[in-house]
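Residue numbers (our numbering), protein chains in the order written: chain A, 1 to 100; chain B, 101 to 261.
The set of hints was computed from the structure by calculation and includes no laboratory data. Possibly wrong hints are sitting among the right ones.
Here are the simulated BS3-like pairs of lysine-lysine, each with C-alpha atoms no more than 30 Å apart in a straight line [stated by the list, open to error]:
id : chain 1 : residue 1 : chain 2 : residue 2
1  : B       : K164      : A       : K13
2  : B       : K121      : A       : K13
3  : A       : K5        : A       : K31
4  : B       : K261      : A       : K14
5  : A       : K5        : B       : K252
6  : A       : K14       : B       : K233
7  : A       : K14       : B       : K153
8  : B       : K153      : B       : K107
9  : A       : K19       : B       : K169
10 : A       : K13       : B       : K233
11 : B       : K169      : A       : K13
12 : B       : K153      : A       : K19
13 : B       : K189      : B       : K123
14 : A       : K19       : B       : K261
15 : A       : K13       : B       : K252
16 : B       : K169      : A       : K14
17 : B       : K252      : A       : K19
18 : A       : K42       : B       : K252
19 : A       : K50       : B       : K252
20 : B       : K181      : B       : K169
21 : A       : K19       : B       : K107
22 : A       : K19       : B       : K164
23 : A       : K50       : B       : K164
24 : A       : K19       : B       : K121
25 : B       : K261      : A       : K42
26 : A       : K19       : B       : K189
27 : A       : K5        : B       : K169
28 : B       : K252      : A       : K14
29 : A       : K5        : B       : K261
30 : B       : K107      : A       : K5
31 : A       : K13       : B       : K107
32 : B       : K261      : A       : K50
33 : B       : K233      : A       : K50
Residues of chain B clear of chain A, computed beta-carbon distances all greater than 12 Å [stated by the list, open to error]:
id : residue
34 : S102
35 : W104
36 : P111
37 : K123
38 : A136
39 : Y141
40 : K153
All values reported here derive from a predicted model rather than from experimental measurement. For glycine and all other residues, C-beta sits at the position ideal for the given N, C-alpha and C.
Here's the letter readout for the chains.
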Amino acid sequence: MPRIKVEYFGPAKKFTDGKSGDVVDFARDSKHSLTLQLVLSKLSDLYGIKFGEFIAESCGIALNEEYLTVDRGVPLGELGSNIEIADGDEIVLIPPVSSG
Amino acid sequence: MSRWYAKTNNPDYKIFLTTEKLKGEEMIEFAKSPEAGDVVYFGGTTRNSFRDKEVVSLSYEAHKGMALKTLVSLADQCMAKFNTATDRKIHKIAIAHRLGRVPTMEESVIIAISTSHREEGWQSSSWLLDRIKERAEIWKQEEYSDGSESWKENEGSNVPK
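In isolation and in its complexed conformation, chain A is listed as follows (with noise of 0.2 Å):
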């Protein structure tokens, strides 16, 4: 089963009710890559749909602290399809930052 970890920062726990991270399973799909679009899907099932559009339109999203490209100009549901994670990776969404 893969296990991902997921943490928020910033203005992206408003819609965590506060809470700063989370170890989501997933089922085991031996013909389905682990994607993007999957792990998301899950965080706006628990937190909302505007959890998920806030990521779409204000967020980085990093995998192992590194940045991803994502293309934004598809439709919500399918943010992420084409960019897969592995059991053990961690995601990191970056709200608009607030330093200083």
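On the provided structure of chain A, position chain B as indicated by the hints.
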């Protein structure tokens, strides 16, 4: 542990995150260099107001690993931008950002850069601060006197998408 240092072997950098009060003199003393003619210092402090609300403190959080990597990368870019192969204008860079609660009048971020001449000192420190505010993976929440809170977004925030 209340300080997290960036992973870098560059002896001209002092870059860290901390929950302790920031110390300007420490950063300035680090930045001083025999080849430099000045140290330009910036200390960002918590302002007591946002529009018509009274701010009592700011509270900061970060993805420490990504933020420290970003700060090193920005220091590298600053060096590359202002130095040439034959003319070293920027000598040392010190960056510290505080995490957790920062009351009004206290520093949340300090930059100290030593330069050969003051012109590149003003330019490089302004450039570096602007880049930090656009990219560092750090977020602040304003806490108001009425008990409410609000996550902020920097105007020029520009994370890779």
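Cross-check of the supplied hints:
About 17 Å separates the Cα atoms of K164/B and K13/A, which keeps this hinted pair within 30 Å; it holds. Among the hinted pairs, K121/B with K13/A is consistent with the structure: their alpha-carbon atoms are about 26 Å apart, no more than 30 Å. Between K5/A and K31/A the CA atoms are separated by roughly 22 Å; this keeps the pair inside 30 Å, and the hint holds. The hinted pair formed by K261/B and K14/A meets the criterion: a straight-line CA distance of about 21 Å does not exceed 30 Å.
Proposed proximity of K5/A and K252/B is supported: the alpha carbons are some 25 Å apart, at most 30 Å. Our distance criterion of 30 Å between C-alpha atoms is met by K14/A and K233/B, whose separation comes to about 21 Å. Only pairs whose Cα atoms come within 30 Å are accepted, and K14/A paired with K153/B is accepted, the gap being roughly 20 Å. Taken as a hint, the K153/B and K107/B pair is broken in the structure, with Cα atoms around 39 Å apart against an allowance of 30 Å.
For the hint pairing K19/A with K169/B, the CA-to-CA distance comes to about 24 Å; that is within 30 Å, so the pair holds. In summary, the hint linking K13/A to K233/B is supported, as the alpha carbons are separated by about 20 Å, within the 30 Å threshold. Of the pairs offered as hints, the one joining K169/B and K13/A holds, with about 23 Å between alpha carbons and a cut-off of 30 Å not exceeded. Proposed proximity of K153/B and K19/A is supported: the alpha carbons are some 26 Å apart, at most 30 Å.
Note on K189/B and K123/B: the hinted pairing holds, with a Cα-Cα distance of about 25 Å set against a maximum of 30 Å. With a C-alpha separation of about 23 Å, the suggested pair K19/A and K261/B falls inside the 30 Å cut-off, and the hint holds. At most 30 Å may separate the alpha-carbon atoms for a hinted pair to count; K13/A and K252/B meet this at roughly 12 Å. Between K169/B and K14/A, the direct Cα distance comes to roughly 26 Å. Compliance with the 30 Å bound is thereby established for this hinted pair.
A distance of roughly 18 Å separates the Cα atoms of K252/B and K19/A; the hinted pair therefore holds under the 30 Å criterion. Taking the CA atoms of K42/A and K252/B, the gap is near 26 Å; set against the 30 Å cutoff, the hint holds. Restraint check for K50/A and K252/B: satisfied, since their Cα atoms lie roughly 19 Å apart, inside the 30 Å limit. This hinted pair checks out: K181/B and K169/B have alpha carbons roughly 18 Å apart, not beyond 30 Å.
For the suggested pair K19/A and K107/B, the alpha carbons sit about 28 Å apart, so the restraint of at most 30 Å is met. For the hint pairing K19/A with K164/B, the CA-to-CA distance comes to about 17 Å; that is within 30 Å, so the pair holds. A threshold of 30 Å between alpha carbons decides the hint, and for K50/A with K164/B the separation of about 27 Å falls inside it, so the pair holds. As the CA atoms of K19/A and K121/B are separated by approximately 27 Å, the hinted pair is consistent with the 30 Å bound.
Proximity of K261/B to K42/A is assessed by CA-CA distance (about 20 Å); at most 30 Å being required, the pair is judged to hold. Restraint check for K19/A and K189/B: the C-alpha separation of about 45 Å exceeds 30 Å, so the hint is violated. Restraint check: the Cα-Cα separation between K5/A and K169/B comes to about 20 Å, which is no more than 30 Å; the hinted pair holds. This hinted pair checks out: K252/B and K14/A have alpha carbons roughly 12 Å apart, not beyond 30 Å.
Straight-line distance between C-alpha atoms of K5/A and K261/B comes to about 20 Å, which keeps the hinted pair within the 30 Å bound. Using a Cα cut-off of 30 Å, the hinted pair K107/B and K5/A holds, with the two alpha carbons roughly 23 Å apart. This hinted pair checks out: K13/A and K107/B have alpha carbons roughly 28 Å apart, not beyond 30 Å. Between the alpha carbons of K261/B and K50/A the distance comes to roughly 19 Å, so the proposed pair stays at or under 30 Å and holds.
A threshold of 30 Å between alpha carbons decides the hint, and for K233/B with K50/A the separation of about 26 Å falls inside it, so the pair holds. Listed as outside the interface, S102/B is consistent with that label: its C-beta sits roughly 18 Å from the nearest C-beta of chain A, beyond the 12 Å cut-off. The beta carbon of W104/B sits about 14 Å from the closest Cβ of chain A, which is more than 12 Å, so the claim that it is off the interface holds. With a closest Cβ-Cβ approach of about 25 Å to chain A, P111/B is found to remain outside the 12 Å limit, as its non-interface label requires.
Interface exclusion of K123/B from chain A stands, the closest Cβ pair being 17 Å apart, more than 12 Å. Every CB of chain A lies more than 12 Å from the CB of A136/B, the least distance being 24 Å, so the non-interface label holds. For Y141/B, the requirement that its beta carbon stay farther than 12 Å from each beta carbon of chain A is met, with the minimum near 14 Å. No Cβ of chain A comes within 12 Å of the Cβ of K153/B; the nearest lies about 16 Å off, and the non-interface call holds.
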